[in-house]
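Engineer: Listed below, chain by chain, are the residues.
Protein chains: 6
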Amino acid sequence: MKAYLSRRYRICASHRLNVAAFSEEQNRLVFGKCNHPYGHGHNYTVEVTVSGQVDETTGMVCNLADLDGCVQTLLLDRFDHANLNRDPGFSRAVPTTENFCTLIFELLSGAFDRAALERVRVEETGNNFFELERKA
Amino acid sequence: MKAYLSRRYRICASHRLNVAAFSEEQNRLVFGKCNHPYGHGHNYTVEVTVSGQVDETTGMVCNLADLDGCVQTLLLDRFDHANLNRDPGFSRAVPTTENFCTLIFELLSGAFDRAALERVRVEETGNNFFELERKA
Amino acid sequence: MKAYLSRRYRICASHRLNVAAFSEEQNRLVFGKCNHPYGHGHNYTVEVTVSGQVDETTGMVCNLADLDGCVQTLLLDRFDHANLNRDPGFSRAVPTTENFCTLIFELLSGAFDRAALERVRVEETGNNFFELERKA
Amino acid sequence: MKAYLSRRYRICASHRLNVAAFSEEQNRLVFGKCNHPYGHGHNYTVEVTVSGQVDETTGMVCNLADLDGCVQTLLLDRFDHANLNRDPGFSRAVPTTENFCTLIFELLSGAFDRAALERVRVEETGNNFFELERKA
Amino acid sequence: MKAYLSRRYRICASHRLNVAAFSEEQNRLVFGKCNHPYGHGHNYTVEVTVSGQVDETTGMVCNLADLDGCVQTLLLDRFDHANLNRDPGFSRAVPTTENFCTLIFELLSGAFDRAALERVRVEETGNNFFELERKA
Amino acid sequence: MKAYLSRRYRICASHRLNVAAFSEEQNRLVFGKCNHPYGHGHNYTVEVTVSGQVDETTGMVCNLADLDGCVQTLLLDRFDHANLNRDPGFSRAVPTTENFCTLIFELLSGAFDRAALERVRVEETGNNFFELERKA
Chain A
1 MKAYLSRRYR ICASHRLNVA AFSEEQNRLV FGKCNHPYGH GHNYTVEVTV
51 SGQVDETTGM VCNLADLDGC VQTLLLDRFD HANLNRDPGF SRAVPTTENF
101 CTLIFELLSG AFDRAALERV RVEETGNNFF ELERKA
Chain B
1 MKAYLSRRYR ICASHRLNVA AFSEEQNRLV FGKCNHPYGH GHNYTVEVTV
51 SGQVDETTGM VCNLADLDGC VQTLLLDRFD HANLNRDPGF SRAVPTTENF
101 CTLIFELLSG AFDRAALERV RVEETGNNFF ELERKA
Chain C
1 MKAYLSRRYR ICASHRLNVA AFSEEQNRLV FGKCNHPYGH GHNYTVEVTV
51 SGQVDETTGM VCNLADLDGC VQTLLLDRFD HANLNRDPGF SRAVPTTENF
101 CTLIFELLSG AFDRAALERV RVEETGNNFF ELERKA
Chain D
1 MKAYLSRRYR ICASHRLNVA AFSEEQNRLV FGKCNHPYGH GHNYTVEVTV
51 SGQVDETTGM VCNLADLDGC VQTLLLDRFD HANLNRDPGF SRAVPTTENF
101 CTLIFELLSG AFDRAALERV RVEETGNNFF ELERKA
Chain E
1 MKAYLSRRYR ICASHRLNVA AFSEEQNRLV FGKCNHPYGH GHNYTVEVTV
51 SGQVDETTGM VCNLADLDGC VQTLLLDRFD HANLNRDPGF SRAVPTTENF
101 CTLIFELLSG AFDRAALERV RVEETGNNFF ELERKA
Chain F
1 MKAYLSRRYR ICASHRLNVA AFSEEQNRLV FGKCNHPYGH GHNYTVEVTV
51 SGQVDETTGM VCNLADLDGC VQTLLLDRFD HANLNRDPGF SRAVPTTENF
101 CTLIFELLSG AFDRAALERV RVEETGNNFF ELERKA
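First to last, the protein sequences are chains A, B, C, D, E and F.
Going by my numbering, the letters in the first sequence line up with residues 1 to 136, in that order.
Going by my numbering, the letters in the second sequence line up with residues 1 to 136, in that order.
Going by my numbering, the letters in the third sequence line up with residues 1 to 136, in that order.
Going by my numbering, the letters in the fourth sequence line up with residues 1 to 136, in that order.
Going by my numbering, the letters in the fifth sequence line up with residues 1 to 136, in that order.
Going by my numbering, the letters in the sixth sequence line up with residues 1 to 136, in that order.
A hint or two may mislead.
When chains are identical, the list treats them as one kind, so a pair holds in a single copy or across two.
[To be verified] With a straight-line cut-off of 30 angstroms between C-alpha atoms, the simulated DSS-like cross-links for lysine-lysine are:
no., residue 1, residue 2
1, Lys-2, Lys-33
2, Lys-33, Lys-135
3, Lys-2, Lys-135
No lab work stands behind these hints: they were computed from the structure.
Looking at chain A on its own, in the form it has when it is part of the complex (with noise of 0.2 angstroms):
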């Protein structure tokens, strides 16, 4: 059987979808409001989903508590509160749910080693969400 342990962080940043390369007209026919000049924001959910073997003595996939401090570093210090298009990682990328998306699960790839990476699921809103799987 294959198992899966998935915990859900929270991450309030602004943003605003633009491409430089675009005109005016171009930016708000292809980004819609989303492109409105000051940007706006989101209350963004971060669904975060690794694998493992369950440990025979504590019964677990890996510590939590483990998990959340790798969170807490990569993702929650670096993003929440904050305006997503100043990050270095949208330097040249529109910090759009599936670019944010791939940012996350490439910074929690190599970063936590007690389980496997399977999925980053991002939610832009309640009825909106992105998500990117391990190739099985």
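With chain A fixed as given, assemble chains B, C, D, E and F onto it according to the hints.
Structural biologist: For chains B, C, D, E and F alone, kept in the frame of chain A given last:
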């Protein structure tokens, strides 16, 4: 990596579960209170998941406005605030969540070509849902 | 201090908003898609709030099993998985959330005597609800 | 009995909490990470509650389409996907949830005359909200 | 206008409802499965509501960090991940939601002086909650 | 296409995480506040997912009443309002969410033969869950 974009829509509809070929007693036995003679209803949540490459310039899998437009025309205009039993899609099939989900999957399959349809989930209540997934 | 105990119940029902004395056009204008000819439905949430003294021995305002029994008999058996338009309570009144809430308040008012009925809230969707409160 | 109708709307916006008259250190002390230099954002939920008589014919306190239209024009067109600090309503006031709620209450007060404005609740996150209520 | 600020906290605790003076049968009759001999537990949600003037400079009723600190010390350190029956506050009282809410109200009453305590709501499950409100 | 039917159940239970072979300090280090001496508790949500062919006549994968009956007997009667540490299934294993989920998967595996068990998800809180999935 596999990349998935999901979006949730709401459909308020009524239905009655009844098989014409069954006796009244059989219908009551199989469908319970879902067989009540004058129907009842639900706030259905339809979650549509598509997959695709993240465009390098826009940072998007597909334009959400396009996806919303497609769902509006094919699903919401047809099923929202409707009686499912009166819909041609249920002229012979019972409007269970399973059949509703299958019909929605078929309607969206050919229709949205900017990203691949991966999964449709229909939630009848917060504690009850059905999903269809494209074969890997 | 005022003390309130609340409990939430679910009712899946269908209804159609239509006034016999109105023309077709008037009905469409007033009720919009809630006037669709064959009805539609909702997962209603009914929140019942009662007040009373906390019993010194049991630490309870009233026994929840008693309250549940009362709601089961008076509300769930009658309205769950039903078509509200067929209910005697709506023989002359339109089954709007407002009128449904009023009917529920009346039904519960005399019936549960172990605590005072303070408020009934009926949620038609997560974004739409109506409340009746006993005057202070 | 008192009768209340409530409706919930969503506003995705960014803001930064900062008082010009404060030193950098004071601002950081008072506002914490809400003072981060380039702002951050939220999915605000605005719950609007009105009261009134239930119309005997239509069974409604007011037409939801009218209320929605009023909120669209006065709130959503102005604040959704916007930077609150750039709004004239916050030219001198800090865009805290408290001040945002007060501004919304003022904007809606005179504007919707088919039912009386009773309460405005603004939720910044699921764990944090502010309410203003008309005096009894 | 009345102004209210609310904040939600989580407490995971166990309890058993049992009155020493009752017979086994009486306890089972009054408390049902909440009387099971070795206890059970809940994810309680505690919603604390305070009121006060919005400060003209900071735009805040009170500093949330102060409120959080007060709740951390008085409630979370004491009740989170605890067995309520072992708490001195329940040495004689049954740890029902009613009594838990009353105890929390008393603990917070004198303790937080930067805003007035208005209401405490304790949710035992999503369908069951108890509230205490300061008299108007 | 793959077809999945899911249903969510609630279990209020208490537990304590402690390994007899560990020292007090080790237990505190590994389990943190979940090691508190007298236990604590949660409102667990158990999501059961089964798969199968949609029956052409009834439009159902399986009868929900049958699935509910099976879950009632095997899970709810045994674990709801119980202390997990006292359950024979945890006589040697620590009652972590991982081990609880594994036990539930085993209990349901052979028991429900009208559809194939595909996945069990146990949510300890809204931010923390564990899943077991049948190998593809």
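Engineer: Each of the hints needs a verdict: does it hold here or not?
Structural biologist: How the hints compare with the structure:
1. Lys-2 / Lys-33: Close across copies (28 angstroms), not inside one copy (41 angstroms); limit 30 angstroms.
2. Lys-33 / Lys-135: Intra 34 angstroms, inter 36 angstroms, cutoff 30 angstroms: neither.
3. Lys-2 / Lys-135: both (14 angstroms within a copy, 6 angstroms between copies)
The structure fails to meet hint 2 from the earlier list, while all remaining hints are met.
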